[in-house]
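Enquirer: Given the sequences, and given the hints that come with them, work out the whole structure.
Protein chains: 6
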Amino acid sequence: MPSTHRHVVVRNIQRAPTDVMTRLAAAGVATVHEAAGRTGLLGPTIQARQTGHTIAGSAVTVASHPGDNLMIHAAVEMCQPGDVLVVTTTSESSDGMFGDLLASSLMARGVVGLVIDAGVRDIADLRAMGFPVWSKAVHAQGTVKASPGSVNVPVVAAGAAIRPGDVVVADDDGVVVVSRELAATVADAAEGRLANEANKREALAAGTLGVDLYDLRPLLADLGVVYVDDPVEDKP
Amino acid sequence: MPSTHRHVVVRNIQRAPTDVMTRLAAAGVATVHEAAGRTGLLGPTIQARQTGHTIAGSAVTVASHPGDNLMIHAAVEMCQPGDVLVVTTTSESSDGMFGDLLASSLMARGVVGLVIDAGVRDIADLRAMGFPVWSKAVHAQGTVKASPGSVNVPVVAAGAAIRPGDVVVADDDGVVVVSRELAATVADAAEGRLANEANKREALAAGTLGVDLYDLRPLLADLGVVYVDDPVEDKP
Amino acid sequence: MPSTHRHVVVRNIQRAPTDVMTRLAAAGVATVHEAAGRTGLLGPTIQARQTGHTIAGSAVTVASHPGDNLMIHAAVEMCQPGDVLVVTTTSESSDGMFGDLLASSLMARGVVGLVIDAGVRDIADLRAMGFPVWSKAVHAQGTVKASPGSVNVPVVAAGAAIRPGDVVVADDDGVVVVSRELAATVADAAEGRLANEANKREALAAGTLGVDLYDLRPLLADLGVVYVDDPVEDKP
Amino acid sequence: MPSTHRHVVVRNIQRAPTDVMTRLAAAGVATVHEAAGRTGLLGPTIQARQTGHTIAGSAVTVASHPGDNLMIHAAVEMCQPGDVLVVTTTSESSDGMFGDLLASSLMARGVVGLVIDAGVRDIADLRAMGFPVWSKAVHAQGTVKASPGSVNVPVVAAGAAIRPGDVVVADDDGVVVVSRELAATVADAAEGRLANEANKREALAAGTLGVDLYDLRPLLADLGVVYVDDPVEDKP
Amino acid sequence: MPSTHRHVVVRNIQRAPTDVMTRLAAAGVATVHEAAGRTGLLGPTIQARQTGHTIAGSAVTVASHPGDNLMIHAAVEMCQPGDVLVVTTTSESSDGMFGDLLASSLMARGVVGLVIDAGVRDIADLRAMGFPVWSKAVHAQGTVKASPGSVNVPVVAAGAAIRPGDVVVADDDGVVVVSRELAATVADAAEGRLANEANKREALAAGTLGVDLYDLRPLLADLGVVYVDDPVEDKP
Amino acid sequence: MPSTHRHVVVRNIQRAPTDVMTRLAAAGVATVHEAAGRTGLLGPTIQARQTGHTIAGSAVTVASHPGDNLMIHAAVEMCQPGDVLVVTTTSESSDGMFGDLLASSLMARGVVGLVIDAGVRDIADLRAMGFPVWSKAVHAQGTVKASPGSVNVPVVAAGAAIRPGDVVVADDDGVVVVSRELAATVADAAEGRLANEANKREALAAGTLGVDLYDLRPLLADLGVVYVDDPVEDKP
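Chains A, B, C, D, E and F supply the protein sequences, listed in that same order. Heads up: the first sequence begins at 1 in my numbering, then just goes up one per residue. Heads up: the second sequence begins at 1 in my numbering, then just goes up one per residue. Heads up: the third sequence begins at 1 in my numbering, then just goes up one per residue. Heads up: the fourth sequence begins at 1 in my numbering, then just goes up one per residue. Heads up: the fifth sequence begins at 1 in my numbering, then just goes up one per residue. Heads up: the sixth sequence begins at 1 in my numbering, then just goes up one per residue.
There's no promise every hint is true.
No copy labels: a pair is met if it fits in one copy or bridges any two.
[Unchecked claim] Derived lysine to aspartate or glutamate pairs resembling EDC-like cross-links, with alpha carbons at most 16 angstroms apart:
| id | residue 1 | residue 2 |
| --- | --- | --- |
| 1 | K200 | D222 |
| 2 | K145 | D212 |
| 3 | K145 | E181 |
| 4 | K145 | D19 |
| 5 | K145 | D229 |
| 6 | K145 | D215 |
| 7 | K200 | D212 |
| 8 | K145 | D222 |
| 9 | K200 | D215 |
| 10 | K145 | D125 |
| 11 | K145 | D230 |
No lab work stands behind these hints: they were computed from the structure. Since the structure is predicted, the reported quantities are computational estimates derived from the model, not experimental observations.
Expert: Structure below.
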């Protein structure tokens, strides 16, 4: 059997400094995504299943067989306070692989949230417990504990590659992942953007137009966009 | 014309005892689904359109032509207090076949909720009235009253087969159907699970790991899952 | 280069009278859609991203390259108090083309809401600001300002054709568009329906059946729908 | 453990007479669906993965865990010449649960085709072998043999309920299921339709209009459809 | 009842000259779409259901109730040789509204193809007859003849607005619509593009790079794209 | 500006030995996927757009802005004989970013095929040229050349992570990627599986059951699967 077959649970992963994660959480997903050069964003199929929660933490990753939550249980032991559990399946699934029991277990370990490219259940309980989840579905479909998988290996969730220890930021806009190595740089850039955006917001709220604020009129002209007074008699 | 063509409204259906339905509602969808051997769950395309409502009731079923709500009106007369109206279409539709007027009519008859494999409209009114709905869509698209269909015949909704008089349980996790004949057995099993889960939840919240609580370490070893200390140098 | 290539920003569009729009907002999407002969409804892919907001306003339309919000900035200048910005892309996109900065700008101009056949971001901020949006997605994906498009040309959003100056009505049920020329006629019809519906709702809430209220029994008989007492021994 | 948990393989199922299935195959899916009162049609998510094959046979049904083909192997033994294997999963899956090895096994037993509400692989081999499949996906994703399921129990595939021994008819238009008890009646009706359609086809090909052939003009008038000479000045 | 409710069949529509349509067919969908300024393309949900057919013709449009083909029959009478029938439904449907009988009728009138934002059936027959169709689905689902609609009114199909008499061009790449008024201009532009493309194809086939042929190197530099020799040590 | 913003074209990538790629192509996608421990498979959204082509080659990767094919042109220059071009977009797109002109250019450089997580056009020409493509869509939608991206950086396509120089194998079953470092090991394992499968196929074709060949009867018993003679009186 070639080594490609191995299912592993990796015990030791490197994590970004806590303060960097705090700064990224403060910036929020949209700003972090911009600050990271518009990379690392998970697709819109994964949605916040509550409102008003913003988290950032180190990814503990899980690659599970679809319809099987055995490896989620194995992953819990690898979690530390401040981590975010990131669950993927080896093929598409919307099964409810995660519910209030696993959330109790993760909260006991200080995990700050779950990102899962599959379904969750007991959603009313999860909301009541204050444990935030970002998932592809809410579905009560039960799972088995029968097939092997891996913990803390690189995974892909909703089109984004995530390595163990990468920083996951999630809020009402969705989820973005920042590589551990770039996390501090991105936090710097994000804070720069926040300051810059505050000025812009003030100007725009005062009535300054974006076409002026961003100096877009020359670009529009260059691109051949023509201003006309009267309606164009064209069909849609 | 063979008998296969008949469109019927069936007047008399058998219903499960009220107390069994009350017990199933108390258990909730995820637990009932487990207690029923992980059968009867409707797919995640049908979602709760409000939060915090749990219902259980006897299914009064409707098979409608798409874009036509004639048979829903015919079904109202067949409803009794405690029933759940279950509406399906003979082919895919997201039309808003149900709104506040039909809800008024159902509430007048004591119906406790609607499950529809199509759309609803007047959703703000439905929420204000406190009439819970589980639907595939919210869509204002109007319908006609022109084509025949049937009431209280077996139907399929979101991948689950439902017979008239089956018990429908619905909450924020979705919808599950339990056969009338098995409803009491499933209620027993569900209550057993609830007691069992309370113990587990307590243990997990206290820090016991699922791999220990469920004795999963031998299984992981049998399946060839290996614990390693250092990261695996593998691409995602 | 044929004229078909021209990208234009049209400055002057005709708008429906404000009072007509107020009347349409009061009627709501489902009733307006009915009053308009069940035309003009946007598909259910575009959803309200908040609850409890009903708006009606004149459409200022945008046709953008996907992943590019340059033309939204150009459109802001064309907006007047009471307008609704309607954004479409020349091919499918769920990118977050609109966020809190553009919302600040639109609010400064008195725009009452956004309908976008793409994504929005900063959704928590948009909700906090009270600026209502109807969109296909919530997605933080950033966009560029690089490609030309048009403002105030006819567009198609979620399957509905919209011309600049058409009246857009939006609430928790979705979005409907009414041609400017027919807006007053539709408002009249909508108000007629509201009065009529109030009577029906009262009758239905009092227990009158829809099959009697709408006189559907003869139709059911004509269509060959048969009432039977006992269950039909048929498979689903 | 309540009886609801049992996983079973049922050995003896009743089948429709061979000649009835031959007649249904000759009629084809669209005609059989009509003859059966427009019931029993699987949704368009399940498609023919080759062209030009029409089959009809008795359903041997499988309910599998997603991502697991153990029960397909158990089902092979239950198949007889002329059967159609019908595979479903307990939750959504597009995994390639079936390939050329299983096809070899089924062909050895005289099975005439596969209908699967999941994926197939080795599609080039399946086509070369002349073993027709109707599936939701073509996907190479491998599966395990780890979880229990059932054979020859009632299932739902693509929205249609199928019992063991029901007649499955499939061609380039898709798949329809006819209950064993009604198969002969439906075959009679289908043949009546075929004769009738031949006359209609001849008339239509000769230029007779459907509005005349079906006498639709009075209906159009009754429904208020008005013929006008000039274009309607309406926006889309 | 306001005029908005009227269902009409429009008898007289204007058509583009035959030779213009012949020229557009010769150019094919991708080139016509480019020549029309990248407008008028139907979305990829509508696909060719055969290979190797290219058609262009005048749109005779149908707006049908979903699951109802009454208005298709009414539309046949309005068709002339060289026309393309364009069928839409007032809400989403994949029903098989069109089969071999209607195709026989259309072929008798010289109609060159069908574009339908819904399903077709009898697909094997349609291919054998040589009648090309572009549809959203192949589905045997039967329809009724019960609800009114309109013929030769503006419609929206797969996101594109189509007016009666517009030129519809369709091939293996999909479907594009060109307004009748611009058809000749677009045909001119398309032929210019074809000549231009032949030169480009020759150059590219001979090994000239697109970055040189289109002079893209300065643009890449302006946009900040940097050429580097060694791999970037970045995660996906 | 942090380094995260850089758009790069990487000139030198490492490739797997040609003979290894030949061996992987001979094994085909399903077998390679198994041999690689069921990893690296692209999702079923990416499909072969022709039949009967099997390729294997080194990935030259592209990360493009949606609706923009500038970077594909930049990538052509980086291609060598035997390469496979792999195109992704930074957010979802089905635009026809690739057609016959680019195919001419790639064929001139000896590229053996295209894998694109977006659309292609000129599909009839591509088939006629014998240039195989695997894509998410066929769509004539045109693109611009306006926004920067990268070439030969790690990308994610249809849920699978792909690095420059990884081996891409594609056939009628879809697409799988194998890391360059493991390619030879996987080729060995694939050939072992092929030999093994030939034996199994022979046994199965001769009537041996999979439950015996794989010794599954004890597992079925362990899992509690019960063989019964008579139908289970259960609803679907």
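Enquirer: Take the hints in turn and mark each one as holding or not.
Expert: Verification of the hints:
1. K200 to D222: Answer is neither; intra-copy 24 angstroms and inter-copy 26 angstroms both fail.
2. K145 to D212: between (59 angstroms within a copy, 13 angstroms between copies)
3. K145 to E181: Result: close neither inside a copy nor across copies, 35 angstroms intra and 29 angstroms inter.
4. K145 to D19: Neither: 37 angstroms inside a copy, 33 angstroms across copies.
5. K145 to D229: Cα proximity of K145 and D229: none, with 67 angstroms in one copy and 24 angstroms across.
6. K145 to D215: between (58 angstroms within a copy, 11 angstroms between copies)
7. K200 to D212: Classified as within; 11 angstroms inside a copy, 40 angstroms across copies.
8. K145 to D222: Answer is between: at 13 angstroms across copies they meet the 16 angstroms cutoff, but 61 angstroms inside does not.
9. K200 to D215: Classified as within: same-chain Cα gap 13 angstroms, cross-chain 36 angstroms, threshold 16 angstroms.
10. K145 to D125: Intra 22 angstroms, inter 34 angstroms, cutoff 16 angstroms: neither.
11. K145 to D230: Neither, since 67 angstroms and 25 angstroms both go past 16 angstroms.
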